Structure formats: structure tokens, C-alpha cells
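Participant: Got chain A; can you put chain B on it based on the hints?
Chain residues, written in single-letter form:
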Amino acid sequence: MRATRWVLGSAALVAVPWIAAAVVPGQQRYVLHVLIFTALYGALALSYDLVVGHVGSLSLAHPAFFGLGAYTLALLATEARWPFALALPAGIALAAVVALAVGVPMFRLTEHSFAMGTLGFAIVTQVVATNWVDFTHGPLCVTGIPKPQVGALRIATLPAFYWMGLGALALVALLYRGLTTFRLGRAFHAVRDNETLAAAASIDPLRYRMLAFVIGGGVAGGIGALYVSYVGVLCPGELTVSLSVNLLVMVFLGGVGSLRGVLVGAAAFTALPEILRMAPTWRMVIYGLLLLVIVIRAPDGLEGLMRRASSRRRRPASSGA
Amino acid sequence: MSDLLEQLVHGLTLGSLYAMVATGLALMFGVVRLINFAHGEFYMLGGYAFWYAYVELGLPYPVAGLAAVAAMAAFGLAYERAVIRTILARTWHVQLIATLATSITLTNLAIIVFGTQPKEVPTRLSAAILEVGGVRMVWQRVLVLVAAVAIFAALEWFVAHARLGKAMRAMSQNREACAVVGVDVQQVALATFGISAGLAAAAAALVSPLFSIFPDVGALLTLKAFAAVILGGFGYVRGAIAAAFLIGIAESLAAGYLSYAYKDAIAFVVMVAVLLVRPQGLFGRRIGI
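Residue numbers (the working numbering), protein chains in the order written: chain A, 273 to 593; chain B, -13 to 275.
Simulated from the structure, these hints should not be mistaken for laboratory data. Check before you lean on any hint, since a few could be wrong.
Ranges of calculated distance between the beta carbons of each label pair, as one might list FRET restraints [claimed, not checked]: (1) B:Pro108 - A:Leu412: 28 to 36 angstroms; (2) B:Ala136 - A:Pro411: 19 to 27 angstroms; (3) A:Leu469 - B:Val166: 27 to 35 angstroms; (4) A:Pro361 - B:Val255: 26 to 34 angstroms; (5) A:Leu469 - B:Ala165: 27 to 35 angstroms; (6) A:Glu383 - B:Ala113: 21 to 29 angstroms; (7) B:Val128 - A:Asp465: 51 to 59 angstroms; (8) A:Pro411 - B:Val128: 31 to 39 angstroms; (9) B:Gly44 - A:Pro411: 47 to 55 angstroms; (10) A:Asp465 - B:Ala136: 18 to 26 angstroms; (11) A:Val296 - B:Ala75: 32 to 40 angstroms; (12) B:Ile98 - A:Phe407: 31 to 39 angstroms; (13) B:Pro108 - A:Leu469: 56 to 64 angstroms.
A short, non-exhaustive set of chain A residues, derived as facing chain B with CB atoms under 8 angstroms [what the hints assert, rightly or not]: (14) Arg380; (15) Ala387; (16) Gly392; (17) Ile395; (18) Val399; (19) Asn403; (20) Leu520; (21) Phe524; (22) Leu563; (23) Val567; (24) Ile568.
Derived list of chain B stretches under chain A, where covered just means 3 residues or more per stretch with a C-beta under 8 angstroms from a C-beta of chain A [stated by the list, open to error]: (25) 45 to 55; (26) 75 to 83; (27) 201 to 214; (28) 244 to 250.
Model, not experiment: these values are computed from the prediction. Glycine is no exception: its CB is placed at the ideal position from the N, C-alpha and C atoms.
Bound conformation, chain A alone (with noise of 0.2 angstroms):
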């Protein structure tokens, strides 16, 4: 039953360019257009969410990363024609060295400097992208990326895109799903829920955070590759701190540590600006106004409603409760 529901799910997924087509012939692009960013947005999520919610280190560097991601694969494809093949990774690994480099330092502190820190590195690196025009173009952009060839795969056209992103959020859904479950996962979540008591347990709290740090940045890069790739374009506003306020709206909308909580919170989050249809700078301040209102009033997010909810259906008879 459980399977059958999988395939059913999986297939209509991998189906939606031609469902698309027949339901909204002239806005199957758009629709597309949207759903590519959501399985984006849902990946670096889930890879914010692997810090955030489940060894409890509230980083703020997730724009770095996936800036690192987005400049080598951009920078290697246009200046040195390296091929996707081997870009990519190399913004995966890029971005898990530096995160490794800067977790150093950076888990000296902790609770409000780590987040400080961490916003201090997101918004040098920021500045640096901005300045050092010789190599990143600055406020010029790097412009004229190629689409992504493996071979004689080429993905150019809108569907082929949306089985990229499908895919990478698949891959980075399965990768999180088996870090955070298991023994590994149950290793995070004593470092996240009691320090002092995972130390005693002989669980060291340092390798298991930056065992998700690093992980976490390396898959912001990977996931800021495949957007470049996408969007063609990289300037250094990609990088603001801003986007470090719309994952955290993601994760806390959706509910924080749950895989099933932060994809719906991005499928939320990417769609509620297509159903406000507003300013750029309104958007920000719902944005903010939504963050702080969810997390003094629900701080498990939608994955607590959609729990709540399924256990009452579940136990009609202890609705007391």
C-alpha cells in the first residue's frame, strides 16, 4: 500500500512537464519555471536544515556556500570551459573545504557568536564577491553560463531542467533521510538536545557538528552550481543575508528537523510569493513579519499542524487531548 503510493507520487512527479502541458498548455513554462526553483529552494533547505534542526548550530553562512558553489562552477565553465561534469563537483568540494576551513574557528563559539560569526563570513564573502572584479566580474555578473552537458545528455530545455532539479532534490532527500536516521542520526540529535550528556556518552559534539557543516555547505554548493547553471547568470546580490532569512523561513515555516516539515515550507514559501504577487521589498517585510510570528506562536511549523492533525484522525476517540 505504502509502495504503491511511492511509485504513484514518484511517477506523477517525474510526469508533471507533460501533466503541466495538458492541464495549463500556455503556462507550462511558467509552472515549470516555479517548480524548478521549489525543487532548488527544497534541496538547499533540507541542507540548512541539517545544521539548523539537527545538531542545533543556527549558521548563518549558508549563502557562502552556496555563493562558492555558484562562482566555481560559473567562473570554471566560462573562463576555463571546464565541463559540468567536473565543475560541479568542484563546487561541491570547494564549498565543503571552506566550510571545513571556516567550522574550525567558527565552532569555538558558540550559541549567538557562532550565528554571528557565521554572518560575519556570509557577509565577507559577500564583499568580497562584490570587489574583487578581476576575478568574480563584481556587480558586472558573470553572464553567458552554459547549460550543463554530460555527455551527450544536454539540459537546455525547461523539462530537462526540472528532471535536474527533481533529481538533485531526490538525491540530497535520500542523503539527509540517511544522516539523520540510523545511528549517525540519533548521534545529531543528542549533540543538538543535550551537549554535556552526548560528551559523556563519548559522542563527541564537535565532530558531529562539523560533520553536518560540512556536509550541509557542500551540498549549498552543489545546489548553488546546478541554480547558476539554470539561471545563467551570477551576480553578488545571490549572496545577501537575505537568503539566509528565506531558508530560515523555509525551515521554521515548514518544521524545523523534519524532511516531510522543510519541503512542504519550501513548496510553501516558493509559492506564496506567486499567490501575493508583490513588491520585491514588501515580500521582505511579510517575510520577516511571517518568521517572527511562527516562531513565538508555532515553532514546529506546518510539520506540527499536519502531525497533529493525522493524530487525530488516527485516534478520533482522545480528541481531549
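Facilitator: Leaving out everything else, chain B in the frame of chain A:
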């Protein structure tokens, strides 16, 4: 040589600005153990309040400055009642995200209300030049330095002798004990936010004639002030003030002799470098105002 002295004067001005903002952060942290990520936005709003009073209403400079301080102190009180009080009992994650969310909301509201074009607020003092032994500086910088020293002296007296100041000091040492002996901890927390926001507005009224006011001025400022708070030893106000001046001077020397574009990275680099050697900050590990 005179070039170096000029850079030092610039550094001291910057240091005064960072110190006034960092003092507010350190006071809040000392009294309620909360880091206010929206503190730079208090400075930003203070700057706009000052601009409105001075340029739009045409009030004289001291009156406009005091009006901005009063307006922001009231804003600080409202912020404590509306946001801080609801999150004080929550985890630091919630507190951090809530104040960060406030910061984003305020910045973007400012963009909508005032536009992204920076506001310039020249005063008579920011055009008049003082020359001492070959070192040229505008009088406004002298005013900033004198006012900063006066404000810090007043604050020092306030915390040491005034009833409220003593209560703040006591709360930074032991909140429960304060409540037990009858200190109204909520009122003290409220007053702390008023004072901290007022300090940020005072900084804005003093330095706005030198630097312009724009909506996202706050983000970097919070970061630098926070760097000063970490370097000074968490919650230790005098340490934060000293570290703020250190950062201001390092930044202006770096802007003068290394690279202007990368000056904003300096505070951060200094912070990381110090923390690698002394994770407890420059001035020991003492919590308390």
C-alpha cells in the same frame, strides 16, 4: 605623520559609534541574556528620526538630536513590550530568529518609507574645519568624541550610583535573587531596552552628519558592535567599549593603508583572529555589567 593622525581621529570617531551601539547590546545581554539582532536597526531608525527632526521639521541640531533619542527610547520600550517579553523565556534559537526577523522587517519597511537613496544631514559643524598642528578634522568629529566621553562617563555614574543602574547591575549577576529581594525585574528589563535604544539614537544623531543614513546601514553595524561585545568578554560593558574603539581604529587604518573596499571585513577578521587565540575575549570571562 599627520596622515596617520587623521586616520586615528577617524578611527576614534568610528570607535565612538561602535562603542555606543555595542554598549546597548552589552547592557541588554547583561540584564536579560539576549542578543538583539535588530540593534543596528535602532541606529538606522534613530538616524531617520534625527533626519526628520533636523531637515524636515527644521529643528535646531541639539533639539533634533534629543528628539531622536526620545523617540527611539520610546521605540525601545515598545519593542520590549511587543517582542522581547514574549520570547524571554524561550530558547536562544527562538530569541535569535525573532530579533533577526525584526531586523529584516524594519530594514525593508525603511526601504519602503524612505527609499534606498542615502539621506545626507550636513550640519554647520560638519563643514567647519579645525586644524591642530597640521592635522585637519571637521568640528563634528570633535563633538562626537566629546559627547561619547560624556555619555560613557554618565553611564558609568548611572550604573554605579543610580537606583535603576544598581538594579541593572544586580540583575546581570543574578536575576532570581533580584526578584526575591523585590526588584521589579520586568521594569528593569524594560528600562534597559529604552536606554539601549536611546544610546543607539544618540550615536545616530552624532555621526549622521559625517556618514549618510540608509536602510541597511544596521546589518553591518550590528555585526561590528557584536564583534566588539564578543571581544570585550560577553556582557562586560567596559570591555565592549574598549574593543569597539580597537575595531574602529583597526578599520580606519585598514581603510587608509590597505584597502577601502575591504574595510568592512576588518572587524570580522580581527574578531576571528582574537578568538582563535583567546576564545573568552580580550578582557577575560566575566559576565556582568
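Participant: Each hint should be assessed against the structure and marked as holding or not.
Facilitator: Tested hints:
no., hint, in the structure
1, B:Pro108 - A:Leu412: 28 to 36 angstroms, "33 angstroms, holds"
2, B:Ala136 - A:Pro411: 19 to 27 angstroms, "42 angstroms, violated"
3, A:Leu469 - B:Val166: 27 to 35 angstroms, "30 angstroms, holds"
4, A:Pro361 - B:Val255: 26 to 34 angstroms, "30 angstroms, holds"
5, A:Leu469 - B:Ala165: 27 to 35 angstroms, "29 angstroms, holds"
6, A:Glu383 - B:Ala113: 21 to 29 angstroms, "45 angstroms, violated"
7, B:Val128 - A:Asp465: 51 to 59 angstroms, "54 angstroms, holds"
8, A:Pro411 - B:Val128: 31 to 39 angstroms, "37 angstroms, holds"
9, B:Gly44 - A:Pro411: 47 to 55 angstroms, "37 angstroms, violated"
10, A:Asp465 - B:Ala136: 18 to 26 angstroms, "48 angstroms, violated"
11, A:Val296 - B:Ala75: 32 to 40 angstroms, "48 angstroms, violated"
12, B:Ile98 - A:Phe407: 31 to 39 angstroms, "35 angstroms, holds"
13, B:Pro108 - A:Leu469: 56 to 64 angstroms, "59 angstroms, holds"
14, Arg380, "5 angstroms, holds"
15, Ala387, "6 angstroms, holds"
16, Gly392, "4 angstroms, holds"
17, Ile395, "6 angstroms, holds"
18, Val399, "6 angstroms, holds"
19, Asn403, "4 angstroms, holds"
20, Leu520, "6 angstroms, holds"
21, Phe524, "7 angstroms, holds"
22, Leu563, "4 angstroms, holds"
23, Val567, "5 angstroms, holds"
24, Ile568, "5 angstroms, holds"
25, 45 to 55, "violated (count 0)"
26, 75 to 83, "holds (count 6)"
27, 201 to 214, "holds (count 5)"
28, 244 to 250, "holds (count 3)"
Violation of the numbered hints given earlier is confined to hints 2, 6, 9, 10, 11, 25; the remaining hints are satisfied by the structure.
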